[in-house]
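There are 2 protein chains.
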Amino acid sequence: MDTDLSGNSRVVILKCCGYGFRARAFGAPRNDGSEMSSQSPFALPGTSTELEEGLTLTPKFDADGLVTAVATDAASGEVLMVAHMNAAALAKTIATGEAWYYSRSRRALWKKGETSGHTQRVVELRVDCDQDAVWLKVEQIAGACHTGRRSCFYRAVPLGQAGAKPGEMKLEFTGERVFDPKAAYRK
Amino acid sequence: MDTDLSGNSRVVILKCCGYGFRARAFGAPRNDGSEMSSQSPFALPGTSTELEEGLTLTPKFDADGLVTAVATDAASGEVLMVAHMNAAALAKTIATGEAWYYSRSRRALWKKGETSGHTQRVVELRVDCDQDAVWLKVEQIAGACHTGRRSCFYRAVPLGQAGAKPGEMKLEFTGERVFDPKAAYRK
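Which chain is which? The protein sequence lines are X and C, in order. Positions 540 to 726 (my numbering) are the ones given, in order, by the first sequence. Positions 540 to 726 (my numbering) are the ones given, in order, by the second sequence.
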């Protein structure tokens with residue numbers, strides 16, 4: 540339960556006020572209030588059993604109004620990126636079959652590829668047991684990563700590194716650039 | 540940048556105090572302070588360029604001291620689960636090649652499968668561009684989900700559901716139980 544990290548009073552606020560207040564209560568991304576509170580297609584989460592065994596999508600948004608979203612390549616299975624969705628992004632993704640996210644840094648709803656053209660067509664969408672994460676199998680145009688790689692996970696962490704001191708934990712590159720990020724984001 | 544969600548003063552605190560304070564500052568999971576502050580093998584994150592193009596693992600832990608962890612089946616590519624790691628969990632995973640996580644609900648370091656026996660041997664570990672998420676390709680014993688399924692993502696969200704009212708957004712089951720959770724967690 541994510542809400543276990545909150546104090547009791549915070550949990551009560553979430554239960555009473557729904558998506559709009561949930562997103563604004565802690566200086567978090569200010570969503571479009573009308574969209575979140577009056578137009579959200581999602582009912583509030585129920586019991587653990589309802590969340591885990593139910594046939595209704597009732598996402599368990601965190602204190603910032605977000606769920607985690609993992610996008611994998613529908614053909615290769617490679618994890619392309621990990622991002623977040625608010626209620627509006629999730630609803631738009633479901634409705635359109637194109638991947639929408641919520642940018643925490645820009646505090647804005649964001650269609651993947653809206654600048655670069657590197658969109659994601661969703662082949663299948665799944666939700667996890669406690670409904671605080673979604674998995675998108677996508678057809679990715681060009682690359683998912685803003686650095687120009689196909690996947691954001693282009694570096695491996697060699698296993699067996701024990702006893703390393705700060706700054707000694709090494710990475711190894713595994714992925715090459717598939718597009719020029721300067722050109723893609725200059726549009 | 541995750542830290543964009545924080546006020547400036549909060550960012551300053553993180554920069555000054557490192558992992559131990561980072562994890563405790565907001566009523567978040569109280570990690571073992573000694574383990575986090577004096578024994579962490581991870582240096583603090585540098586610039587965006589260092590994070591994205593560097594050869595050193597400097598995880599960008601969030602305000603709760605956590606990174607997101609996605610585990611996929613090394614053979615099938617299926618996403619098994621999404622969880623979190625603190626510095627200790629990540630360091631133990633790298634050192635041992637077995638998956639360790641941090642349970643937000645139990646506020647405790649947690650070896651996957653320690654109760655059920657359903658451990659995860661890590662075949663490959665990767666980190667994403669801004670080093671706030673890791674991807675584990677694992678060999679999963681039995682199933683990853685506490686509900687008894689192989690994957691936590693055992694329900695699909697049918698696409699094209701537009702204009703749904705709260706409580707109307709449907710799910711469809713895709714995964715069957717592969718073990719009896721009552722028996723597995725009674726040990």
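None of these hints come from the bench; they were simulated from the model. Cβ coordinates follow ideal geometry from the N, Cα and C atoms, glycine included. It is possible that part of the hints are untrue.
What the simulated footprint calls covered on chain X by chain C, stretch by stretch (three residues with Cβ under 8 Å from a Cβ of chain C suffice, anywhere in the stretch; the number is not a length) [unchecked claim]:
1. 649 to 658
2. 672 to 686
3. 703 to 709
4. 716 to 724
Status of the hints after comparison with the structure:
1. 649 to 658: As far as the segment 649 to 658 of chain X goes, the hint is violated, because 0 residues have Cβ atoms under 8 Å from chain C.
2. 672 to 686: Contact hint for the segment 672 to 686 of chain X vs chain C: holds, 6 residues under 8 Å.
3. 703 to 709: Holds: 7 residues of the segment 703 to 709 of chain X have a Cβ under 8 Å from chain C.
4. 716 to 724: Per the Cβ count (0), the hint is violated.
In the structure shown, a violation is registered for the earlier hints numbered 1 and 4, in ascending order.
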